[in-house]
Amino acid sequence: MNSVISYFSSFFKGLKSLLVGMKVTIKEFFTPKVTEMYPENRHTTLHVSDRFRGELVMIHNENNEHSCTACGLCQMNCPNGTINIESEIIETEDGKKKKVLKNYFYDLGQCTFCNVCVMNCPQKAIEFRNTFENAVFRREILVKKLNHEGSKLKEKKIIETKQTNQQ
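The sequence shown runs 3 to 169 under the working numbering.
No wet-lab data here; the hints were simulated from the structure.
Where hints are given, some of them may not hold.
So the derived label-pair ranges between C-beta atoms look like this [what the hints assert, rightly or not]: (1) Thr27 <-> Pro124: 46 to 54 Å; (2) Lys98 <-> Gln125: 13 to 21 Å; (3) Asp96 <-> Asn122: 25 to 33 Å; (4) Pro124 <-> Glu93: 23 to 31 Å; (5) Lys99 <-> Lys126: 48 to 56 Å; (6) Val26 <-> Pro81: 34 to 42 Å; (7) Pro81 <-> Glu151: 54 to 62 Å.
For clarity, every value in this text was computed on a predicted model and none was experimentally measured.
Backbone N, C-alpha and C define an ideal beta-carbon position, used for all residues, glycine too.
Whole structure, please, built from the sequences with the hints as guidance.
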């Protein structure tokens with residue numbers, strides 16, 4: 003007799019557990035869905051959050067000038083070596099040596115999108131954009147050169163105002 007009571011007791015406990023799980027499932031079944039119709043509405047109604055980190059870019063102005071001084075802080079702070087900066091030392095007209103950016107490479111396939119590079123950039127030369135269509139068939143394509151061909155460092159406003167004051 004004790005085994006029959008134990009059997010029905012465990013049966014009703016299992017049935018109660020099943021009904022609790024089904025309650026969650028049925029409740030989810032009737033809630034409205036927010037599915038995006040992705041390929042069809044990619045340019046009209048698709049909303050990508052502003053905080054989404056999709057791809058690192060170097061900011062250039064209309065004169066093809068950037069703010070990167072090739073200090074290397076972003077490369078040093080990157081946790082997995084995604085950023086590789088190549089710089090060179092040149093001599094200016096006044097005889098001073100200056101470090102300039104030669105190439106700024108970024109491996110999108112290796113990036114963890116942690117935003118440490120952007121936060122540590124003292125010049126605010128790089129930022130994450132919310133582009134998300136980065137699927138490719140070969141990993142080599144994911145290594146991007148961020149500085150544009152023929153780009154150069156922006157001249158600082160302070161230097162320009164000093165030059166005008168000297169004249």
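Comparing the hints with the structure gives:
Taking 46 to 54 Å as the suggested C-beta distance range, the pair Thr27 and Pro124 conforms, at roughly 52 Å. Taken as a hint, the range 13 to 21 Å holds for the pair Lys98 and Gln125, whose Cβ atoms sit roughly 19 Å apart. Range check, Asp96 to Asn122: Cβ separation about 30 Å, and the 25 to 33 Å hint holds. Between Pro124 and Glu93 the beta carbon distance is about 24 Å. The supplied range of 23 to 31 Å therefore holds.
Between Lys99 and Lys126 the beta carbons are some 25 Å apart, a value that contradicts the proposed interval 48 to 56 Å. Checked against the hint of 34 to 42 Å, the C-beta distance between Val26 and Pro81 comes to roughly 38 Å, which is consistent with it. About 29 Å separates the C-beta atoms of Pro81 and Glu151, a value inconsistent with the hinted range of 54 to 62 Å.
The structure is inconsistent with the numbered hints 5, 7, although it conforms to all the rest.
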